[in-house]
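Asker: One letter stands for each residue in the lines below.
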Amino acid sequence: MSVRASLLAALVLGSSLAMAPAPAALAADPVSPEATTVPVGAEPDGTAVRLDVSVWPQSSGKHPVVLLAHGFGGTKDSVTSQANDLHDRGYVVIAWSARGHGASGGRIHLNDPAYEIADARTLLDLAAKRSDVELDGPGDPRAGVMGASYGGALALMLAGSDRRVDGVVSAITWNDLADAFFPQAAVTKPATTAAGRSPIDVVGPFKQVWATNFFLSALRGGQGAGTGAADCGRFDPTICRLFVQASETGTASPQLTTLLRAHSPKPTMNAVTAPTFLVQGVGDSLFGLDQADANASALAASGTPYAVRWSDGGHDAPSTHEAEEVEASYTWLDHYVRDKGARGSALPTAAFTYGTPAGRAGQPTTLHTLTAYPGLSGAALRTRELPLTTTSGALLHPPGGQPASLIAVPGLAALGVSLSTYQIAALPGQSTALDTQPVAEAETVVGSPTMRLTVTSDAPDVTLFASVWRVTGGSVTLTNPLVAPVRLTVTPGRPTPVTISLPAATYDLPAGTRWRVLLTSTESTYSNSRTPSGIRISGASALTLPVATGAAVDGAVAGGVDTETLLASGALAVLLLAALAGWFVRRRRRMHLPARPDLADVPLVIEGLVKTYADGHRAVDDVSWRAEKGQVVGLLGPNGAGKTTTMRMVMGLISSDAGSVHVLGEPVSAGSRVLGRVGALIEGPGFLPHLTGRQNLEAYWSATGRDPEDAHIAEALDVAALGGAVDRPVKSYSHGMKQRLGIAQAMLGLPELLILDEPTNGLDPPQIAAMRPILRRYAETGRTVVVSSHLLAEVEMTCTHVVVMHAGRVITQGPVAELVDSDDTTILDLPEHVAHDVVSAGVHALEAAGGVTEVRVDTPTRIVVVADRGRAEVVAAAVSAGLPVVGVSSRRHLEEVFLGVISSASAPGAAGEPGDEGASLVERLRQVRAR
Amino acid sequence: MSETHAEGPDVSPGDALLDVIEPAPAAGSGEIHQVRDPLSWRSELRRQWGRRRTIWAFGLLLALPLVLVGSFAFGQRSSNSRGGASTRIFDLAQSGAANFSLVLVFLASELLLVLLAALFCGDAVPSEASWSSLRYLLIAPVQRARLLTSKLAIGIASTLVATVLLPAWGLLVGGVAYGWDPLTNPLGENLSWGQFLPRLALAMAYIFVTLLPIAAIAFWIGTRSDAPLAAVGGAVLVSILLNILDQLDALDPYRNAFPGHYSRAWQDALAVSPDYTDMVHGALWALVWAVAFTMLAYRRFRRSDILS
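Residue numbers (the numbering used here), protein chains in the order written: chain A, 1 to 931; chain B, 1 to 308.
The shape of chain B in the complex, shown without the other chains:
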């Protein structure tokens, strides 16, 4: 390997550096000039933005409504069989933008958004560890807590963007494909656009909050493991396990506290006369778990020896 230097053979590499270098400052005068906090959110965002996983995640999110529209168009060709309730849901999805986006949220909130939350928050730290760049961040120096805060902030922000993008894009695609009809609820409750949009925003805010425990668990595992897959997979596994436990009636009422127990309570927000009790419970429990696991992550990372 022999790269020829641009400035000719007589100039050896490093000369440029040695040209600009000045004698070391005297003791005490070599203060470091900070223009920003270490690992500012902007710089962390730049670290995550161009990554393939980020592009894939958002690409999938954006493709999902298009795939739905495509498959609905495909399905129409087949004879209209006597469908069950699920068929009615998909029929309903084609009745307008509001219904379409709601069905989209319904489909995605179960797994896709959970997965994305786990990915955005769980992968941030271990991916740096697996590239060996974590230690260079820490000696830059970025304080341990600061590093976690930046990583978590960007992870959460990415999750939020995904949560907002999903229904918004769904509304747009649904509107273009099926028209701009307001919500017709299968439970027999219609909402006008003026009612629907704030309720949808509320529902999405709730879904976002219920994603936080999984994000925090993924984040916590991420501080314990150098493998991004372990963090994301671990968190998803935890969520699946909790879902299974949630089915056990023997655990009533303790299961109410499980993250994910109230994961469908967002549908309450879309009733004509909404009952927010479950949403309040769900949001509170979600925050409890999110805070608990975030604390664990900080506690762990602050003390751990970085051997990656």
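Isolated chain A (complex conformation):
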């Protein structure tokens, strides 16, 4: 799980942090700086030099000044955002492009006291002459100097050479440039400070890759190769030549060492009296923590106030606390420069701040503070011993120096520690791993672990690179991508003891882990000797670890992180409140439609029901009817008449647009409790296919939450007459079986109102016949049955009352007997094979008879007469008209009623042609019945 797909994310995150300048001051109307050029000392060859300078002026009053120096390869524009910040805090800010950089003239002398540092002094003179700058004395402005890397060294060197400086902020810079490019981790004595290193008197191996980068970054900013010395760009030819020489040989010439040492804060550090804030990065393989340690030691020795802050960034990686580091720098300047804090006053920031690695890559480190830099407070450095289990080994230096181990892979810090590079670091035969015992107790190492060992080699020049790894289970991870290079001059074959100062950093030491010191003979970022040799390591001592327990800094973690927590919890709270409010409102509004006690005895009352679907189709239009106790009500209508929609509204499945439904006096809406007294089968049954018939009824009854004893499941199953199939899964049932089970489910609990939508669907004639008496007798118990159907004969035989719907409206309703029975209609049956002319003659005669309003020939053997006169007179008239009447009845079939009312409802104006209309309706009905 170490390989999280967030490698890319970590890279992106890293770069975004690096680019985030947090320009809070931009909002406050940035002042445009005054650009000017300032003449400074000429080049060695006499060329006059002018610096490109920007001054952020203050409009009124006297203000302190800050010289803001940029990094190597940058220009005065690189520091614009900091200049704006400082200007807003009440400073006159002077930024300039250093000699050999940007639009300034001259060549790069690498912070030569005679050139770059002298230039800065000239700028202080310039500041002293400005009217908006506060003076401590004649020609002595109240001044701070701030810079990082190249600018940081300048700040220290300016403070060391010019007493007018009142405060210094110096970040990720060097103490001794020779030591930075030719580092030596073999030391003469164990460290007395956290990251202290007192190297032996042998120049270390050449930090080739960084030196080349250093060069290239200046060349990129230069004017090309045509300016003089071949490919030296804007470098001073002497420095250029020495560097090129070092690159070719891989060793430092004494001139180069002398020159680099002179171009360092080291010689003048003792002279610095201005309070100094040092920021140095753990993620910095160019200028390590040992450089800041040396600067701090010098300041401590001279009694100058100072504070040290270890960042997790540096030249290799962006800091995860960049904004806080910048803020701390401003605070330092504010205290000592702007507010003239006394030298003896309390420091404006913790004397020492360091971060411990976060649990995960890309996360900000956890900050801790100490009241003094370890080893410089007078008290001895706190250390712990960690014994080794492996104390010896052997390794080869490969001929030609290849392949080289890859340890300090540049930029790896941005990726976090989730990727193990052990395999490319510990090349077989070219490395020795010295493992410690497991750590008994968790601790944080702050600084440079040291160890002693003995080296025996067959060559006089021995180079070793030591790196610190953490071993857990089967995996080995590099805690910090740093190496400690060791270069020794030995007598071949003779054991030479050496003390090694391992890379300074903050290390977390979880209990149970082992540490591994990996010694390799090569490192890819260094210039490696081409001569092969064999090296033997023996007698390695325990690791001496500088440990510290700092006070954790809160807020650092809280900062920007809490915004998101706040946002998310805010959103959550708003949602929950909305949900709660909605619940209360609905509860209030659930003042149900008032109950109708007057209807408490009526099982079902429907009044003015209207439903229009979303597509505009008005399925039910002002429907009103009621079903009384003991009735079997048939709801009749052709397909699409609105029967099912009405039933769904009765059951609260769909909402009505207008009107009301009352069951036993209670209004019905979705989920009304009174629906418990209604059983229904609507548009076919619905069952859980994996359960048996019996289980389905049980599951349904269980869902009602009512007493199982009220269910009468056995009796209901008897209605369904499923036999042995009740214990088979429903998915094996036929359509008819499901239908019967559905009817049985509707009857569960013997509801007072039983609503069955097309109950005879899928049933065969005997089953239909069996259902008929059940429904009738069910109603006889004082309950009510509503049956919708388009089987007219069925309804006629089953129902006591009928409601006929058509096109969403009720067109007639009443008792079946009343509908089919009528006084004014007489049906005359004729014998078979009566001559057509006899019938037509008779009909004409009958029509002519008084009181007869209509005569219709239904079939060749059936004549319907509508008349105002009594039935006996109609029969007499028919007989006298010559019709051979063999039977007389008063009863129409429901079908006729149905067709009659439907035809009059669908074609109110087309009464002139009843025959055609009737014929087409008969045809439609046949189709319906055929289904």
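No wet-lab data here; the hints were simulated from the structure. Misleading hints may appear alongside valid ones.
Chain A residues, not near chain B, derived (Cβ > 12 Å throughout) [claimed, not checked]: (1) R494; (2) A542; (3) P594; (4) G630; (5) E847; (6) V875.
Below, computed lysine to aspartate or glutamate pairings styled on DMTMM-like, alpha-carbon distance capped at 25 Å [stated by the list, open to error]: (7) A:K629 with A:D615; (8) A:K340 with A:D132; (9) A:K629 with B:D15; (10) A:K629 with A:E818; (11) A:K731 with B:D226; (12) A:K629 with B:E22; (13) A:K62 with A:E43; (14) A:K629 with A:E715; (15) A:K62 with A:D125; (16) A:K629 with B:D19; (17) A:K62 with A:D461; (18) A:K189 with A:E564.
Small disclaimer: the values here were computed from a predicted structure and weren't measured. C-beta atoms are modelled at their ideal positions from N, C-alpha and C, and glycine is treated no differently.
With chain A fixed as given, assemble chain B onto it according to the hints.
Answerer: Below, chain B without anything else, positioned relative to chain A:
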């Protein structure tokens, strides 16, 4: 189709019912005797439990560790090639019960658990609709909100059971197959059993919370659609889409709010010194989305016309 009735030909179906039926009670006296709330959690559980999808889901979950053990045993026969980091993970999985269960969780949390959450919560309502039984539940009557609550409760509970079962079963299978060694973390951090178990519980609780948005989205789609597949598939599709959007750096930092952005933050809980910031963020955002979509589902279902 003619089933002969057990009691002989002279007894017609329905007689038994008519025998027990009593005259309808007088008005007002026919109070309904509720012994439990409509669609109690128990009855909803019974509706879901025997379903094939439930059995398959848990069956898959239980089979997964066995399949892993089997495939590891199979893989050992082949020569030990120079594997990348993923190979190391699987090597690590065989180092003990704790590692095995963790790898199992790692593998399953990405898709399997998401799918199960979407299935358990998304399928509950539309499956009833597709069987036509939803309307019978509603006229039983079960109030709309009550129906959703029961469905959601059982869906969430099933998800929780799956989330708990996965590591527990993984621990057991891993312990039997590879021994009971405590956790060795590839990041180089070992946890004792006493440290590991509570952390694992925390991680699983977090994973469970991050599953809730997908469950809620599936549930919401389920109230809008009668097709169970639409709900489950829709939710999984949404989660895939969000995953894709989450890759876009242009959406930073807004993507932090996406459900699923912090879906891997549970791994933080297993560090020696855990940093819970991301987990807090992830859990909060997950709850936001879960509540939002649950509210949408209730709002939708309370008003909808049931036409299924």
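Asker: If we take the beta carbon of R494 of chain A, is the closest beta carbon in chain B still more than 12 Å away?
Answerer: holds, 38 Å
Asker: Measuring Cβ to Cβ, find out whether V875 of chain A lies farther than 12 Å from everything in chain B.
Answerer: Holds, because the least Cβ-Cβ distance between V875 of chain A and chain B comes to about 41 Å, which exceeds 12 Å.
Asker: In terms of Cβ atoms, is chain B entirely out of 12 Å range of E847 of chain A?
Answerer: For E847 of chain A, whose nearest Cβ neighbour in chain B is about 50 Å away, the distance exceeds 12 Å, so it holds.
Asker: CA of K629 of chain A to CA of D15 of chain B, is that 25 Å or under?
Answerer: Measuring from Cα to Cα gives roughly 21 Å; hence the hint holds.
Asker: K629 of chain A and D615 of chain A were given as a pair; does the straight-line alpha-carbon distance stay at or below 25 Å?
Answerer: Cα-Cα ~37 Å, so violated.
Asker: Take a quick look at P594 of chain A and tell me if its Cβ sits farther than 12 Å from every Cβ on chain B, holds or violated.
Answerer: holds, 16 Å
Asker: Can we confirm that no CB of chain B comes within 12 Å of the CB of G630 of chain A?
Answerer: violated, 8 Å
Asker: Is it correct that the beta-carbon of A542 of chain A has no partner in chain B closer than or equal to 12 Å?
Answerer: holds, 21 Å
Asker: Just to be careful, I want the Cα atoms of K629 of chain A and E22 of chain B compared with a cutoff of 25 Å; is the pair within it?
Answerer: Roughly 14 Å between the alpha carbons, so the hint for K629 of chain A and E22 of chain B holds.
Asker: Measure nothing beyond the straight line between the CA atoms of K62 of chain A and D461 of chain A; if it is 25 Å or shorter, mark the hint as holding.
Answerer: Roughly 60 Å separates the two Cα atoms, so the pair is violated.
Asker: Quick one, are K629 of chain A and D19 of chain B close enough, alpha carbons at most 25 Å?
Answerer: Within the cut-off at roughly 19 Å; holds.
Asker: Does the alpha-carbon distance linking K731 of chain A and D226 of chain B stay inside the 25 Å limit?
Answerer: holds, 19 Å
When each numbered hint is compared with the structure, violations occur for hints 4, 7, 13, 17, 18.
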